[in-house]
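Trainee: Sequences and hints are given; from them, build the entire structure.
Residue numbers (this note's numbering), protein chains in the order written: chain A, 1 to 112; chain B, 1001 to 1112.
It is possible that part of the hints are untrue.
Dumping the calculated DSBU-like pairs for lysine-lysine here, alpha-carbon to alpha-carbon at most 35 Å [stated by the list, open to error]:
#  : chain 1 : residue 1 : chain 2 : residue 2
1  : B       : K1070     : B       : K1011
2  : A       : K78       : A       : K59
3  : A       : K42       : B       : K1070
4  : A       : K78       : A       : K57
5  : A       : K42       : B       : K1011
6  : A       : K69       : A       : K59
7  : A       : K42       : B       : K1057
8  : A       : K59       : A       : K42
9  : B       : K1070     : B       : K1057
10 : A       : K58       : A       : K42
11 : A       : K57       : A       : K42
12 : A       : K78       : A       : K42
13 : A       : K42       : B       : K1053
14 : B       : K1070     : B       : K1053
15 : A       : K57       : B       : K1011
16 : A       : K58       : A       : K69
17 : A       : K69       : A       : K57
18 : A       : K69       : B       : K1057
19 : B       : K1057     : A       : K57
20 : A       : K58       : A       : K78
21 : B       : K1053     : B       : K1011
Keep in mind the hints are simulated off the structure, nothing from the lab.
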Amino acid sequence: ILNVEQSPQSLHVQEGDSTNFTCSFPSSNFYALHWYRWETAKSPEALFVMTLNGDEKKKGRISATLNTKEGYSYLYIKGSQPEDSATYLCAAIIQGAQKLVFGQGTRLTINP
Amino acid sequence: DAGITQSPRHKVTETGTPVTLRCHQTENHRYMYWYRQDPGHGLRLIHYSYGVKDTDKGEVSDGYSVSRSKTEDFLLTLESATSSQTSVYFCAISGGYHYEQYFGPGTRLTVT
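Mentor: Shown next, in the form of structure tokens:
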């Protein structure tokens, strides 16, 4: 069974600070890695989908990198704002599968 | 926003009663998924569908069944609800781009 781990489980950051967190996954038979942003009382929304080793994606102040050989991805948020407060989920999918396996998420709280 | 709805949005039911949750999409996407959200577990896959009448189990399928008789609808049935099935249930759809998922608004189910 594919096991996806995220760390830390929760994080408190001061407004204006930058932060990052990690998603780890098995590197064998890798197909794709997803990041989702999940605000309280809403539904998860896709941030990034990455497939290639060395991929780097950016959306505004949020960026992500992917290392498929060692099985990890980092999500970075630059200059955190209160609206960045959310749970960030990563999910991996292996070759031949049709379903994602989600990590437990990193809950980010931005303190004003 | 992806055209995906869930019904009902909230339901309270008694232990032992059958419950059916509906997911409806207007995107004509091939893949549909049912997840449950529980504290400390993130999102866990219950069942998914890769086409009309084609379904498969996820990691927490015990006590649940599904049906997909047409592309737009994916039904999740709890044959005899138990208190451990109290949760928020999310439906998701995917058109196949690396299985990127679009989530419905969720159904909060309470089993008393």
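Trainee: Each hint: holds or not?
Mentor: Quick rundown of the hints versus the structure:
The suggested pairing of K1070 of chain B with K1011 of chain B holds, with an alpha-carbon distance near 24 Å, which does not exceed 35 Å. This hinted pair checks out: K78 of chain A and K59 of chain A have alpha carbons roughly 11 Å apart, not beyond 35 Å. A hinted pair counts as satisfied when its Cα atoms are at most 35 Å apart, and K42 of chain A with K1070 of chain B qualifies at roughly 27 Å. In summary, the hint linking K78 of chain A to K57 of chain A is supported, as the alpha carbons are separated by about 14 Å, within the 35 Å threshold.
Between K42 of chain A and K1011 of chain B, the direct Cα distance comes to roughly 18 Å. Compliance with the 35 Å bound is thereby established for this hinted pair. With a C-alpha separation of about 24 Å, the suggested pairing of K69 of chain A with K59 of chain A holds against the 35 Å cut-off. Distance restraint check for K42 of chain A and K1057 of chain B: the Cα-Cα separation of roughly 26 Å lies within the 35 Å cut-off, and the hinted pair is therefore satisfied. For the hint linking K59 of chain A to K42 of chain A, the alpha-carbon distance of about 20 Å falls within 35 Å, and the restraint holds.
Restraint check: the Cα-Cα separation between K1070 of chain B and K1057 of chain B comes to about 19 Å, which is no more than 35 Å; the hinted pair holds. Straight-line distance between C-alpha atoms of K58 of chain A and K42 of chain A comes to about 23 Å, which keeps the hinted pair within the 35 Å bound. Taken as a hint, the K57 of chain A and K42 of chain A pair is honoured in the structure, with Cα atoms around 24 Å apart against an allowance of 35 Å. Proximity of K78 of chain A to K42 of chain A is assessed by CA-CA distance (about 23 Å); at most 35 Å being required, the pair is judged to hold.
Distance hint between K42 of chain A and K1053 of chain B is fulfilled; the C-alpha atoms sit about 30 Å from each other, no more than 35 Å. For the hint pairing K1070 of chain B with K1053 of chain B, the CA-to-CA distance comes to about 8 Å; that is within 35 Å, so the pair holds. Distance hint between K57 of chain A and K1011 of chain B is unfulfilled; the C-alpha atoms sit about 39 Å from each other, more than 35 Å. For a cut-off of 35 Å, the pair hint linking K58 of chain A to K69 of chain A stands: about 21 Å separates their Cα positions.
Distance hint between K69 of chain A and K57 of chain A is fulfilled; the C-alpha atoms sit about 18 Å from each other, no more than 35 Å. Our distance criterion of 35 Å between C-alpha atoms is met by K69 of chain A and K1057 of chain B, whose separation comes to about 29 Å. A distance of roughly 32 Å separates the Cα atoms of K1057 of chain B and K57 of chain A; the hinted pair therefore holds under the 35 Å criterion. Of the pairs offered as hints, the one joining K58 of chain A and K78 of chain A holds, with about 11 Å between alpha carbons and a cut-off of 35 Å not exceeded.
Distance restraint check for K1053 of chain B and K1011 of chain B: the Cα-Cα separation of roughly 26 Å lies within the 35 Å cut-off, and the hinted pair is therefore satisfied.
Hint compliance for this structure: hint 15 alone is broken.
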